[in-house]
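Heads up: the protein sequence lines correspond to chains A and B, in order.
Numbering-wise (the working numbering), the first sequence opens with residue 5 and increments by one.
Numbering-wise (the working numbering), the second sequence opens with residue 139 and increments by one.
Hints were generated in silico from the structure; no laboratory data involved.
Being a predicted model, the structure only gives us computed values, none of them experimental.
C-beta: ideal position from N, C-alpha, C; glycine also.
Take the hints with a grain of salt, since some may be wrong.
Said to hold, decoys possible - Okay, derived cross-link-like pairs now, EDC-like style, lysine to aspartate or glutamate, Cα gap no bigger than 16 Å in a straight line:
no.	chain 1	residue 1	chain 2	residue 2
1	B	Lys140	A	Glu309
2	A	Lys175	A	Glu157
3	B	Lys153	A	Asp93
4	A	Lys250	A	Asp294
5	A	Lys186	A	Glu203
6	A	Lys98	A	Glu80
7	A	Lys175	A	Asp200
8	A	Lys98	A	Asp129
9	B	Lys163	A	Asp310
10	B	Lys556	A	Glu309
11	B	Lys390	A	Asp88
12	A	Lys229	A	Asp310
13	A	Lys145	A	Asp310
14	B	Lys390	B	Glu469
15	A	Lys297	A	Asp213
16	A	Lys305	A	Asp281
17	B	Lys390	A	Asp200
18	A	Lys297	A	Glu309
19	A	Lys231	A	Asp282
20	B	Lys153	A	Asp129
21	A	Lys305	A	Asp241
Unchecked claim - Here are a few chain A residues that sit away from chain B, every Cβ distance over 12 Å (derived from the structure):
no.	residue
22	Met20
23	Ser27
24	Ala153
25	Val227
As the list claims (entries may be wrong) - Here's a subset of chain B near chain A, in silico, CB distances under 7 Å, partners left out:
no.	residue
26	Gly144
27	Thr392
28	Val553
29	Arg557
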Amino acid sequence: MNDIEVASVTKRFEDMVAVDDLSLTVTRGELIGLLGPNGAGKSTLTKMISGMLNPTSGTIKIGEFCVQTQPMKVKEQLGVVPQDIVLYDYLNAKENLSFYGRLYGLTGSKLKSRINELLEFTQLDEKAVKRHVSKYSGGMKRRVNIAAALLHEPQVILLDEPTAGLDPQNKHALWQIIETLKSQGKTIVLTTHMMDEAEELCDRVAIMDKGKIIALGSPRELVKKVKMENTITVVPDKAAPELVEKLKNMQGVKNAYIAFDEDEKTQALKVITDNPDDILPDVVAAVAKDGTKVLSVQLSKVTLEDVFITLTGRSLRE
Amino acid sequence: MKIKRGFNQVAAIAKTDFLGVLRNKTAIFFTLLFPLFFIVIIGFTFGQSGTGDMSRISIGVVNLDGELIAVNATNSVNSTIGDTFVEALQTVNFTVSNYGEYGDPETNGTAAYAIRQGNIDAILIIPANFTESLSFQYLDNMSMPIPTRAHLELFVDPTQTTGSVITQQSILGFISGFVKQYQQIAMQQAPADMKAYIEVLTDPLTVTTQDAEITGNELQWIDYMVPGTLGLVLLWSGLNHASMTIATERTKGTFQRMVIAPVSPTTVLLGKFVSNLALVYMSAFIMLVSGILMFQVNLYWDIPVILLGIFLGSLSAIGIGLIISSLTKNEEAANSIAVIISVPLQFFIGAFFPLTMMPEAAQYFGELLPFTKLVDAMKDIMTKNLGFDAVVPEMTYLLISGIILFALGTIAYRVSLKRL
Ligand SMILES: Nc1ncnc2c1ncn2[C@@H]1O[C@H](COP(=O)(O)OP(=O)(O)OP(=O)(O)O)[C@@H](O)[C@H]1O
Ligand SMILES: [Mg+2]
């Protein structure tokens with residue numbers, strides 16, 4: 005079952021085309037990433053899905069309802085987390101959540117219990133809950149910003165760069181939250197320009213550039229598209245040719261060979277593989293056998309960034 | 139179910155909007171305290187003039203009442219009522235000096251000369267038939283008294299813009315007090331079968347001034363101002379806040395977030411209207427209570443009509459605010475336009491001084507403003523103690539302009555939804 009259907013959607017701002025004849029289908033329970041550089045049209049696309057912007061042409065459906073013609077039905081099912089933090093800074097977290105809950109028709113004990121659940125989720129302590137949002141740290145605001153979109157338990161969640169500006173700890177806490185939502189069967193569109201985030205969380209990634217999707221697939225599929233390979237480089241104290249044979253025969257290894265460094269003295273074993281993370285320990289263990297010492301290990305993975313560079317000739321962040 | 143949900147949404151939007159003002163010092167100042175600030179400054183500057191301290195007002199009286207005139211009267215009068223009138227002026231502590239004639243500003247010793255020199259603040263001319271009119275000496279051929287009015291002329295120094303109004307209002311207040319007492323006495327003395335007729339007769343004085351307006355109360359400047367401040371409330375708490383509310387939310391993005399929730403445009407508008415109306419009422423309450431506490435204003439309180447008037451006026455104020463809010467790009471633009479509109483307008487609505495003091499073109503303009511209508515109506519109700527009937531034209535005007543402006547505001551708002 006499809007939860008989101010974007011069909012040939014174009015958005016023009018005066019003479020500039022922000023989203024260009026774009027089509028995309030997201031099935032129920034899927035977490036899809038929109039990855040692309042600044043100005044690629046990611047936010048414009050999510051705004052059109054949420055009904056905040058009208059497409060210049062094309063149609064968008066959420067479940068069985070059309071965004072343009074049945075907006076109220078669509079809005080009930082959508083939870084939208086905007087890119088910028090959008091909260092009333094003169095209200096505290098609870099008051100903000102109460103406001104958004106009531107907009108979605110929650111009242112009484114139902115509203116109260118949802119607010120309490122989500123306050124727990126924001127991990128604010130009791131004192132913080134009572135302070136105005138203007139006094140919160142960036143991470144606290146981000147979490148409340150997300151909580152405000154989840155009160156009415158929407159099936160489809162649009163997250164526009166939810167982790168922007170967060171430190172690694174907060175970022176990983178948020179990833180956990182997103183994983184939890186996914187495990188509840190929510191359909192999620194996650195906009196980001198961070199590769200690690202897309203690789204970590206997404207079932208599929210749509211790489212966007214200049215208003216178009218230039219590649220679509222699971223992170224692994226996308227990486228395969230590039231004529232680059234994941235390489236594990238192991239530098240042993242002595243590299244024997246039998247070792248190369250042994251590595252070649254290991255499961256998951258596509259190729260193995262001995263390479264010399266630039267100074268032509270040190271020898272390194274290069275292992276080419278599709279899933280470097282899985283086999284790295286085995287490779288190191290295999291080399292370290294028979295009295296051979298491992299001096300250094302290096303892993304160079306093909307990332308979505310490499311995919312993007314290969315496809316566009318530009319880097320994601322410029 | 140749907141209606142209940144709508145109510146709940148309206149309440150949530152209204153509450154959030156209202157708290158936005160209450161928890162923001164700048165907003166409190168501009169929407170609630172700024173008008174109060176005005177009235178306090180002006181009240182303390184001019185407010186105490188009036189019946190409170192009349193000695194500061196110096197009146198040159200030209201009493202022509204002593205002159206003999208021909209009437210078809212048989213009674214002869216010993217003491218003239220004109221003299222009583224002058225004595226009464228002195229009793230309430232006006233500084234009174236007598237002049238033989240109005241004269242001309244160039245001739246020393248005349249009233250006109252004195253006022254030009256600034257020695258006196260006003261000239262009051264008591265007509266020659268003053269006593270004759272007030273003592274029913276004009277009779278018809280059935281020997282029944284003919285309604286005759288004595289005609290007082292009041293001149294104030296037009297160069298003292300606000301001062302002249304204070305003077306004028308104080309003297310008019312005095313005159314109406316005098317008339318009241320006169321009426322009482324006349325009614326008491328009249329034979330029982332003549333009472334109804336006397337009632338018709340005992341409206342004995344007319345006064346011409348720059349704006350002849352006889353009130354039931356003895357008015358102080360501040361009494362006159364307090365109803366006027368309700369017009370200011372409409373401008374500052376109504377028009378201004380309404381202009382800011384959506385524009386501010388649009389700038390912050392909370393507006394966009396609100397409209398991607400399943401709320402209808404009508405619900406959002408209603409929520410904003412409710413909070414705005416609450417603000418206007420709150421501000422009006424603050425103004426009126428401050429007027430009572432600080433200046434002991436002496437007014438009449440027809441609460442339902444006052445509430446209704448404020449409501450109808452709010453429709454126009456909020457309607458204009460919605461238009462501004464919807465057509466401007468951001469908070470700052472909305473704010474500047476609201477200020478550019480409301481600051482000058484407050485001088486055209488008759489809140490600080492009567493419109494009649496403005497140039498003619500300005501008066502026509504001012505008369506078109508719904509805020510002026512509210513000020514007029516509130517003055518009728520609160521200072522003259524007139525009933526609802528007396529303000530039906532103003533209320534109707536407020537209703538019609540309210541419907542038109544609010545409708546335009548709604549249209550502008552709906553158009554603005556297309557460019558979130
Ligand atoms: N309201 C608007 N009016 C005019 N141009 C706009 C508007 N909104 C977006 N754009 C333009 O459309 C293009 C796409 O913008 P969008 O915000 O969708 O990019 P994005 O992929 O979300 O970028 P970022 O990673 O910086 O958030 C940009 O060139 C932007 O300048
Ligand atoms: Mg964006």
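Outcome of the hint check:
1. Distance hint between Lys140 of chain B and Glu309 of chain A is unfulfilled; the C-alpha atoms sit about 49 Å from each other, more than 16 Å.
2. About 22 Å separates the Cα atoms of Lys175 of chain A and Glu157 of chain A, which puts this hinted pair outside 16 Å; it is violated.
3. At roughly 14 Å between alpha-carbon atoms, Lys153 of chain B and Asp93 of chain A fall within 16 Å of each other, so this suggested pair holds.
4. As the CA atoms of Lys250 of chain A and Asp294 of chain A are separated by approximately 12 Å, the hinted pair is consistent with the 16 Å bound.
5. Among the hinted pairs, Lys186 of chain A with Glu203 of chain A is consistent with the structure: their alpha-carbon atoms are about 15 Å apart, no more than 16 Å.
6. With a CA separation close to 21 Å, the supplied pair Lys98 of chain A and Glu80 of chain A exceeds the 16 Å bound.
7. Taking the CA atoms of Lys175 of chain A and Asp200 of chain A, the gap is about 11 Å. The hint holds against a cut of 16 Å.
8. At most 16 Å may separate the alpha-carbon atoms for a hinted pair to count; Lys98 of chain A and Asp129 of chain A meet this at roughly 12 Å.
9. With a C-alpha separation of about 52 Å, the suggested pair Lys163 of chain B and Asp310 of chain A falls outside the 16 Å cut-off, and the hint is violated.
10. Under the criterion of a C-alpha separation no larger than 16 Å, the hint pairing Lys556 of chain B with Glu309 of chain A is inconsistent with the structure, at around 37 Å.
11. At most 16 Å may separate the alpha-carbon atoms for a hinted pair to count; Lys390 of chain B and Asp88 of chain A meet this at roughly 9 Å.
12. Only pairs whose Cα atoms come within 16 Å are accepted, and Lys229 of chain A paired with Asp310 of chain A is accepted, the gap being roughly 10 Å.
13. Using a Cα cut-off of 16 Å, the hinted pair Lys145 of chain A and Asp310 of chain A is violated, with the two alpha carbons roughly 33 Å apart.
14. At most 16 Å may separate the alpha-carbon atoms for a hinted pair to count; Lys390 of chain B and Glu469 of chain B meet this at roughly 9 Å.
15. With a C-alpha separation of about 46 Å, the suggested pairing of Lys297 of chain A with Asp213 of chain A is violated against the 16 Å cut-off.
16. A hinted pair counts as satisfied when its Cα atoms are at most 16 Å apart, and Lys305 of chain A with Asp281 of chain A qualifies at roughly 9 Å.
17. Taking the CA atoms of Lys390 of chain B and Asp200 of chain A, the gap is near 30 Å; set against the 16 Å cutoff, the hint is violated.
18. About 34 Å separates the Cα atoms of Lys297 of chain A and Glu309 of chain A, which puts this hinted pair outside 16 Å; it is violated.
19. Annotation: proposed proximity of Lys231 of chain A to Asp282 of chain A is violated, straight-line Cα distance about 21 Å (limit 16 Å).
20. For the hint pairing Lys153 of chain B with Asp129 of chain A, the CA-to-CA distance comes to about 25 Å; that exceeds 16 Å, so the pair is violated.
21. With a C-alpha separation of about 24 Å, the suggested pair Lys305 of chain A and Asp241 of chain A falls outside the 16 Å cut-off, and the hint is violated.
22. The beta carbon of Met20 of chain A sits about 16 Å from the closest Cβ of chain B, which is more than 12 Å, so the claim that it is off the interface holds.
23. Chain B leaves Ser27 of chain A outside its interface by the beta-carbon criterion, the shortest separation being 23 Å against a cut-off of 12 Å.
24. Distance check for Ala153 of chain A against chain B: the nearest CB is about 9 Å away, which does not clear 12 Å, and the non-interface claim fails.
25. Taking the minimum C-beta to C-beta distance to chain B, about 35 Å, the non-interface status of Val227 of chain A holds against the 12 Å cut.
26. Hint on Gly144 of chain B is violated. Least Cβ distance to chain A is approximately 9 Å, over the 7 Å limit.
27. Among the interface hints, the one on Thr392 of chain B holds; its C-beta lies about 6 Å from the nearest C-beta in chain A, closer than the 7 Å criterion.
28. Violation of the interface hint for Val553 of chain B is found here, the shortest Cβ-Cβ separation to chain A being roughly 13 Å, above the 7 Å cut-off.
29. A hinted interface residue such as Arg557 of chain B counts as satisfied when its beta carbon comes closer than 7 Å to some beta carbon of chain A; here the least separation is about 9 Å, so the hint is violated.
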